[in-house]
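Chains as they are written, first to last, in this note's numbering: chain A, 287 to 468; chain B, 174 to 398; chain C, 949 to 1397; chain D, 2 to 407.
In case anyone wonders, no lab produced these hints; they're calculated from the structure.
For every residue, glycine included, the Cβ atom is placed at its ideal position computed from N, Cα and C.
Some hints here could point you the wrong way.
With a Cα cut of at most 25 Å, we get these calculated PhoX-like pairs of lysine-lysine [said to hold, decoys possible]:
1. D:219 <-> D:307
2. C:954 <-> C:964
3. D:219 <-> B:184
4. C:1372 <-> D:74
5. D:307 <-> B:212
6. C:1060 <-> C:954
7. B:184 <-> D:307
8. C:1130 <-> D:74
9. B:197 <-> D:328
10. D:307 <-> A:429
11. B:212 <-> B:228
12. B:197 <-> B:184
Over 10 Å on every C-beta distance to chain B, these chain C residues come out as not near it, computed from the model [to be verified]:
13. 950
14. 954
15. 1174
16. 1202
17. 1356
Listed below, chain by chain, are the residues.
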Amino acid sequence: MDRLFKSRLERRFADQLTGPVRQRHDETEIRIAAGDVVAVMTALHDEPDLHFQFLSDLAGVDTGVVMQVVYHLWSETTPDWLRVTADGLSREDPRVPSVTFLWKGAEWMEREAYDMFGITFEGNRDLRRIYMPPDYQSFPLRKDFYLPDDAARSPGGGVRPMERTQAPSTTPTTALVRRTPV
Amino acid sequence: MSLVPGLGLAKGMALTLRRFFEPKVTVMYPEDRRDVPHKFRGRLQLLYDEWGTLKCETCFQCAQACPIECIDMGGIDTRGRYHVHWGAPETYGERREESALRRSGRPVPDPAYRPFAAVDLGALDGILDEYDHDPAHMLAILEATQAAYGYLPVAALKRISQLTGAWYAMIYGTATYYSHLRFEPAEASAQAAAVAAHRPPEGAYLAALDAALGKRRNPGKPARA
Amino acid sequence: MTVVGKSWSRLTLPGKIIFTVVPLLLVTTFVAVSAIVLLGPTIIDILAANLPIVRFVVAVTIVLLMTIPTAFLIIYMEMKVIALMNLRIGPDRVGPFGSLLSVVHGLKVLMKEDFTPTGADPIVFTWAPVVTYLASVMTLLVIPFAPGIFGQDLNLALLYFFAIGGLSVVGLLMAGWSSYNKYSLLGGLRSAAQVISYEIPLTLSVVGLILLAGTMSLNKIVEQQSGWFTDWYVFQQPLAVLIFFIAATAEANRTPFDLTEADSEIVAGFATEYSGMRFGFFFFAEYVNVFIISALTVTLFFGGWNAPFPWPWPVTLDLDPGSLGILLLILVAIVPLILTIVFAAPVWMISARIKGWQALIVGFILANLFIVAVIFGLAYVGLDWVAGIFWFLGKTYVFVFTFVWMRGTLPRVRIDQLMDFAWKWLLPASLLNLFVTAAAIVVARSVRP
Amino acid sequence: MPTSVPHQSTDDPRVTLDRDLGVFEPVPPYPPRTEREAEFYTLGDGEMFINMGPQHPSTHGVLRVVLKLDGEKVVDLDPVLGYLHRGVEKLCENADYHQAICYTDPLEYVSSLFNEWAPVLAFEKLMDIGVPRRAEYIRVLSSELNRIASHALFLGWMALDLGGLTPILWSFIERDEIVDMLAALTGQRMLFNYFRIGGVNGDLNHEFMSRLGDWMAKATEQIEAGNTLLNENEIFVRRMRGLGTIDTATALRMVMTGPNLRATGVPFDIRRAHPYSVFPELEFDIPTRSEGDCLARYLLRMDEIKQSLRIIDQCLHNMPDGPVMAKLPRLLRPRPGRAYAAVEGPRGQYSTYAISDGTDQPFRMRIHDPSFIHLQSVGLMMPGHLIADTMAIMASLDPIMGGVDK
C-alpha cells in the first residue's frame, strides 16, 4: 500500500475524483466520471511522475444500478496496481470515451466490453461484437440478462453457423458485396 | 547461422538420422498400459468392499463437492422413505437459475417443492437470525425449527439451505442422521410406530435363536424395540 | 422345386462357386485352346511383323502397373521413416511392420466418395489428376532399369524426359483453376511459377553432362559410366549433381520446396477440393515422381544400373536343368526336405523347451530363405539384368530415402525465397557449371585430340 | 441472404439447392456496422478475400481470419472470434468461489496452472487469506514446470507452422514427461485444478519427486538437442529473421506483455515488476532481446526455459516444511470488495479482477488473457507480408484459442 501515492493522486486529480481514493492490499482505486476519462488517462500515461505505460486490464462492470468501466494500470513509479473506475454510466445508454488513442491494444478489450455489456466506447474505430454472432441482440454479462428470455430475442437463439448469420436488423437486407470503391 | 552455408541444414539432417536409430518412445497402447499415478483423479468408478457390496453410502458428498457438477446421483434415504436426488437438475435449479433470476431482479419460482404443503416461514427467519445464518450451527437450527413446527417441513429445509448457503443435501443428511429429528408430524410418526408394534418383537427371534444354538449371544447391547 | 434346385440350395457357398466356375473354366479353356491351335500362327505372324508396337504396348502396361506398388512402397517408407525419425514407431498394425498400410490407404481412397464441388468445372476437374499422373508415368518409359530392361531407347530420351515431365504442371494448374477455390488457385499458380523457374536450372545442369557424354540417350549415358564407380559422372560434375538434386526436389514438389501443397498455409494447395480416387491420382503421382527423380539422378550421375565395381571374374553359368532328366524332379522334391531337417536340427538342439514341430517350422522357413538366397545369388551372378535391377533399385531407393529424410527434417521455404534461390543462385551456378565444363572439354581436346 | 434462384448441384444433377451453398463469400451479408468494417470489406484493385479458418490446419484452434490479399501479399486482415466462446465469466458468476477456479482452468489449456493462479490470488486478496510458505513454493515449482511444458509446445508449433514435421513430436515428448509428473502431483494431465484458495490440493509426493529428479538430470541436454534442429537451420532462420517486427513503443501501445514484449527489449516481468508469491526470494534473470521479430520471440522462449529450470532448482533446495493449505471455513463468503491480481504466465500477464457482493459467488469476475491481447497485434504486423508468413507470425505470438475466446 503506497500512502504517498494516495496523496499524490488526491492532489493531482482533486477536481476529477468523484469519491475517496481507496487502498487495500496492493491496489489503489480512484473513481472518476465518464467524461473525465480522457483527461485522467492522458495525465496518468504522459506525466513523468505518474507514467502509467501499461494498461493491464480493461473491464466492464454492471453493478445492477450503474455501469462502470474499470481500468487497471501499472507503472514503475508505484508498487501498487492503480484501478481507475469510470463510474456512474447510465444503464440505458452507457457511454464512455475510448482509450485507444493511448493504447491501441485496448481496442479488442473495448469491443469485448461492448459485446458483453453494451457499453459504447466513443472513438473506438471498430466497435462491433467480437464474441457473440452479429445478429445477437442482448448483452450477456449484464445483471438483468436471463438466458431463456434474452437470448430468444436474437434470431436462432444466438447460435448460428457463420454462413447463415442474418442481418442485425429485423428487416432482411439485400446482399452487399462491394467490389470496388465507387 | 554459421558461416558455411548449409552447415545448419547438415547438422539437422545428422540429428534426425541419429534419432532414426534411437529407441522409440511410443507406448503400444492396448498391449501395454502405462501406470496411472496414485493420485490420478480421473477414475470414474464406484468401489466395492470385500463382501461385494457397494461402498457408496449415498451421502451425496461427492456430488456436492464436484466443482464442475458432473456427478449425478440418486438414492433412497436410510429410512427408505424419501427419494433423494442430486445432479444437474438440482444443481441448476438451486444455483444457476436461482442466482441468475435473483440478480436479474425476477421472482424465483421453485417448482421442485410445489407438491409439499406450504408453511408459513416467518418463524424460521427468526430462528436463523438468532443463529446468525451460520451453517456451523445446523443441528441447533434444525432442533429449533422442529420445536417451532413440530417437524421439519421441506420448505423450511429449503429455506435454511438458501439462507445459510449450506447444500440442501447436506442439511438433509444432518436431519436424517439424528433420530430425534423427523420429517412428518408426530401423528404420522405415531402411526408408523403403531405399524411397527404389529410386528413380532425382535427379542423373540433372538430368544428362539439362543434356544436353538444353546448358548448366549453377546449380552452387551440390548435389542432396540 | 425341382431336384436340381434342391441340391443346389444344399450346397455351401464354396460349393456353389466351384460348381459355377469349374464348367465355365472348362469351356473357356477348350475355346481358348482351339483358338490358339487354329489362329495361333496368324497372330504370331502379325505380332512378329509389328514387334516395336508390341514392345511399346507391353512396356506401357508394365510401367503403368509398376507405378502402383512403387507408390505404395514409397508411401510406406515415408510413413515409417519419418515416424522413426520422430521417435515414433509408425505403422505397425496392418501386415508385417505395418507394410500393408499404404495398400489399405489405396483401398480407402478407392472407396471414398468422389465429389465435385459446386461451382467447379467438372471436365477439367476430372481430367487434371489424369494429366498429372500420366505425365509422371510416361517419363518412366525412357528410364533404363537394367541392360535390356527399358521401355524405349530414344535418342532424345533426356529431352523427352524434361518435356513430358513439365506437362505435370499443366495438370496441377488445371486442378487449381477448376476447383473454384482460392486455396487451390494459389496452389496451382505457385506450382506453375515454381516448376517453370526450376525447369531452367534443372535442364541447364544436365547440359554439361550431355557435352561430356555426347549423347542424350539414357542407355548410352549409363553405358559410358560402366566400370569402377570413379567413372560415374558425379565425380566429373559435382556441382551439376547438387543443382540437379535441388531443382529436382522443387520439380517433384517435395520438402523443403513443397509450396504447392503447403498444409500450414494453403490447406492442401491444388488438391484441396479433391477426394477419393481423383485425390489418389495426385497422391500417387507425387510419389511416383519421387521415384522417377531419384531414378534419373542415379541414371545420369550415379552409374545407373552399373555396379560400383566390375565383377572381378567373368562368370557364365552353363546350367542346363533339362539334362538332369528325372533327377531334377527328385532334387526338387528332396532338397527342401533335407534342408529343412538340416536347419531344424540345430534349432531343436539349442534348447530342450523347443518342441520338434516348432523346430521344423523354423527350419522350413530358414531353408526357404536359404533357397531363395541361393537362387538370387545365382541369378545375380549369371544374369546381368538381375544384377542391373539390383543395383539400380538399390541406388534409387537411397535417393528416395534422402527425399524422405529431408521431409522429416527441414521446414518449408517461402515463395519469394524459392524464386530468389532459383534465379539468383541456381541459374548462375548451372551456367557456370556449363561454361567450365565446355571450357574443360575444349582444353582437353586441344591438348589430346 | 436467401437467393431464390434454384441452384443445380454439380455433383448430383438431380439435386437442386435453394441457395448457392458451394460458394462462400467472406463478405458478411449485412451492411457494415463500423467504418473499419466497411473499409475492410471494400476490395481495391486486384485484391481478393480469402477466408482462413475456422477449419484450417494451422490456426491453433478455431480462429477465423479473413485475409485481404493482393496476389500472395496480405493487405489487411480481420480476425473473427467467438467460435470457442463459452462465457466463462458468466459461468463464474453463477458458481461459488471454489467452483469458479475450475472454469478458468481450461482457458489456455496448455498452461492451466497460470489460469488457476490468477483467480486464486485475487480471491485470496478478497478474503485476506494467507497462504503457507510451502504451498507457495509448490505453486512456483509446479507452475514453472508448466511454463516449460507450454514453451516446449510453442517451439514445436512454430516449426510445424513453417512446415517442419519433426520438432512438434519431439516437443510433445518433452511435454509429456512434464505433464506426467504433474499428473502424479495434481491428479490430472491437462486441466490440473491444483491450486486452491489458501494453498494447493495435496503435498508433494514421492512419485512426483522421483519423476522430477529423473527429468531434471537430462532436461537441459534434451532441450539443447532439440534446438540444434532449428536454431541453426538456414531455412528456418531466414524465414524468421525480420518477420513480424514490432518496436517497443508499438508493443506498449498494443498492451503486449510477456515474452512478446520482452522480445522488443522491455524487461517487464510481473514476477519482478509486481512481485507475488515467493518470487522476491528467488534468483532468476529476465531474458530480453532487442530485435522484436519472430526469431527473437522464438529464441527468447528458449532462454526462458533455462531460467525456469533455475527457479525449479532453487525451489527444490529452499522448499520449507509445513502445511500446504490454510485453515479455511467450509463456505467462503468474503465481505464486499474488489481485488485484482496478475501473474506472469508463459504468454504474458494473466489477471483476474473479482468483485464480491458478500455472497458465496463472485459478483463479477473479469478474466484477462494474454492470447486475446496478442492476437490483435497480428493485424499490425501482418500487412505487407506473404500469406505463408501469416501462420509464422501468428505462431510466434503463441495464442491459444481457448484463452482468446474465453
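>> Going through the numbered hints above, which ones does this structure break? Give me the numbers in ascending order.
In response: 5, 6, 9, 10, 17
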